[in-house]
Amino acid sequence: MTSLTALTDRVRARAAADGLLDVAYAELDSPLGPLLGAATPAGVVRISYLAAWDRDETLADLARRLSPRVLEAPARLDPLRRELEEYFSGARRDFEVPVDWSLVRPGFGRRVLEATARIPFGSVRTYGAVAAEAGVPAGARAAGGALGANPVPIVIPCHRIVPAGGRLGGYTGGVEKKRLLLGLERS
Amino acid sequence: MATAALPPFEALLDRHALEVRGFLGARLPEADADDAFQETFLAALRAYPALGRAENLRGWLLTIAARKAVDHHRRARREAPLEAAPEPGAEDAPVWDAALWRRVDALPRRQRAAVALRFACDLSYAEIAAHDGGSEAAARRNVFAALSTLRKELAP
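From first to last, the protein sequence lines are chains E and B. The numbering of the first sequence is the numbering used here, which starts it at 1 and goes up by one. The numbering of the second sequence is the numbering used here, which starts it at 1001 and goes up by one.
Isolated chain E (complex conformation):
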């Protein structure tokens, strides 16, 4: 009998080939701890710190908001895995994997994340500055909310947003991750 793993892997491969793999996910290693990466055919749709977010909750959320056709299928996450490895080893400054913005509702929050995506490697902006770039100069606090809901951290670099006055501010995966990311980009 063919092993069950081989059989289910065959289902995953055929699902992708037949256009039935709406959301592929894989666990990825990083210096910040294990990550869950998810991608649609359009691009990377979710990166989740597994230390901060429950894996099953994250998958259930993807099933509810995108499509229940969610399968563990690491091949689609290979480009993201490669770029993350390069980024963390200092060999990459900009991510080139396409991002699927489906989990971000249009409006101020999306404009904040789009402005954030344009901040170059090694730079930081204040919450007020990204709020202003998103069209609401007084919206620093709301910008913080939008950044906290960033579905694709690291690739959409919300760690590059800090409070005015030199402090580090918050980070969804824990502030020590933000410190590590900013440290990596300074060196």
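Among the hints, erroneous ones may be present.
Stated by the list, open to error - Have a look at the derived ranges for each label pair, beta carbon to beta carbon: (1) E:Asp18 with B:Ala1026: 25 to 35 angstroms; (2) E:Arg65 with B:Ala1031: 37 to 47 angstroms; (3) B:Ala1031 with E:Asp18: 15 to 25 angstroms; (4) E:Gly174 with B:Gly1052: 36 to 46 angstroms; (5) E:Asp56 with B:Arg1058: 48 to 58 angstroms; (6) E:Arg105 with B:Ala1098: 24 to 34 angstroms; (7) B:Arg1053 with E:Asp18: 17 to 27 angstroms; (8) E:Ala142 with B:Ala1031: 54 to 64 angstroms; (9) E:Asp94 with B:Ala1098: 26 to 36 angstroms; (10) B:Glu1136 with E:Glu86: 55 to 65 angstroms; (11) E:Gly107 with B:Arg1103: 23 to 33 angstroms; (12) E:Glu85 with B:Asn1056: 41 to 51 angstroms; (13) E:Asp18 with B:Gly1059: 21 to 31 angstroms; (14) B:Glu1019 with E:Ala164: 50 to 60 angstroms.
Claimed, not checked - Listing some non-contacts, in silico: residues in chain E with all C-beta distances to chain B over 10 angstroms: (15) Pro74; (16) Ser123; (17) Thr172; (18) Arg179; (19) Gly183.
As the list claims (entries may be wrong) - Some chain B residues close to chain E (C-beta under 7 angstroms, calculated; not the full set): (20) Ala1004; (21) Ala1005; (22) Phe1009; (23) Leu1013; (24) His1016; (25) Asp1034; (26) Phe1041; (27) Leu1042; (28) Tyr1048; (29) Pro1049; (30) Trp1096; (31) Ala1098; (32) Asp1122.
No lab work stands behind these hints, which were simulated from the structure alone. Positions of the beta carbon are idealized from the N, C-alpha and C atoms, including for glycine.
Add chain B to chain E, keeping to what the hints say.
Using the frame of chain E, we list chain B on its own:
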């Protein structure tokens, strides 16, 4: 009452792959059981978003597996037993390619579910009725209405 959201399909594979393979292994030679396993889960995946309700997913998978086992027996004998002959309405169904399935996604929910269960999973109208809690006649009407919409859309 709100119905539970459909779990990620991965959870179905995790929970039921072993049982489905065992079910098929008891009915088919090894190589056929492997093929039928893949056919079962791909048919289920095709129809899954249209299901709309997360009840008795195990029973639903085993019903599809039973259908796939019958298909293999029929192919092996190269003759269709009468009770497994296609039901009226199935013979003149359109060609089920990816473009057609995209049109199915735009159908009203009950029609979409009935079509997916009928043509992706090969369920009978009685089995569709058992799954969605409606009557056999309603399942038949939903499939008929869906097919006439699709035919109109596909007409040159």
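Results for each hint:
1. E:Asp18 with B:Ala1026: 25 to 35 angstroms: 27 angstroms, holds
2. E:Arg65 with B:Ala1031: 37 to 47 angstroms: 40 angstroms, holds
3. B:Ala1031 with E:Asp18: 15 to 25 angstroms: Once the Cβ atoms are compared, 21 angstroms apart, the range 15 to 25 angstroms for Asp18 of chain E and Ala1031 of chain B holds.
4. E:Gly174 with B:Gly1052: 36 to 46 angstroms: Hint holds: Cβ distance 38 angstroms, inside 36 to 46 angstroms.
5. E:Asp56 with B:Arg1058: 48 to 58 angstroms: Given about 18 angstroms between the Cβ atoms, the range is violated.
6. E:Arg105 with B:Ala1098: 24 to 34 angstroms: Hint holds: Cβ distance 29 angstroms, inside 24 to 34 angstroms.
7. B:Arg1053 with E:Asp18: 17 to 27 angstroms: The hinted range 17 to 27 angstroms holds for Arg1053 of chain B and Asp18 of chain E, with Cβ atoms some 24 angstroms apart.
8. E:Ala142 with B:Ala1031: 54 to 64 angstroms: Taking Cβ atoms as reference, Ala142 of chain E and Ala1031 of chain B lie about 60 angstroms apart, which means the hint holds.
9. E:Asp94 with B:Ala1098: 26 to 36 angstroms: 34 angstroms, holds
10. B:Glu1136 with E:Glu86: 55 to 65 angstroms: 58 angstroms, holds
11. E:Gly107 with B:Arg1103: 23 to 33 angstroms: Holds - the Cβ-Cβ distance for Gly107 of chain E and Arg1103 of chain B, about 31 angstroms, lies within 23 to 33 angstroms.
12. E:Glu85 with B:Asn1056: 41 to 51 angstroms: 43 angstroms, holds
13. E:Asp18 with B:Gly1059: 21 to 31 angstroms: 25 angstroms, holds
14. B:Glu1019 with E:Ala164: 50 to 60 angstroms: Holds, since Glu1019 of chain B and Ala164 of chain E (Cβ atoms, about 59 angstroms apart) stay within the stated range.
15. Pro74: Non-interface label stands for Pro74 of chain E: nearest chain B Cβ at 12 angstroms, farther than 10 angstroms.
16. Ser123: 37 angstroms, holds
17. Thr172: Consistent with the label, Thr172 of chain E stays out of reach of chain B, its closest Cβ about 22 angstroms off (over 10 angstroms).
18. Arg179: At roughly 33 angstroms from the nearest Cβ of chain B, Arg179 of chain E sits farther out than 10 angstroms, so the non-interface label holds.
19. Gly183: 35 angstroms, holds
20. Ala1004: 10 angstroms, violated
21. Ala1005: Hint holds; Ala1005 of chain B Cβ to chain E Cβ min 5 angstroms, cut 7 angstroms.
22. Phe1009: 5 angstroms, holds
23. Leu1013: 5 angstroms, holds
24. His1016: 11 angstroms, violated
25. Asp1034: 5 angstroms, holds
26. Phe1041: 5 angstroms, holds
27. Leu1042: Interface hint status for Leu1042 of chain B: holds (6 angstroms vs cutoff 7 angstroms).
28. Tyr1048: 6 angstroms, holds
29. Pro1049: 6 angstroms, holds
30. Trp1096: Since chain E brings no Cβ nearer than about 11 angstroms to Trp1096 of chain B, farther than 7 angstroms, the hint is violated.
31. Ala1098: With a closest approach of 6 angstroms, the Ala1098 of chain B hint holds.
32. Asp1122: 17 angstroms, violated
Violated hints, listed in ascending order, are 5, 20, 24, 30 and 32; each of the other numbered hints is respected by the structure.
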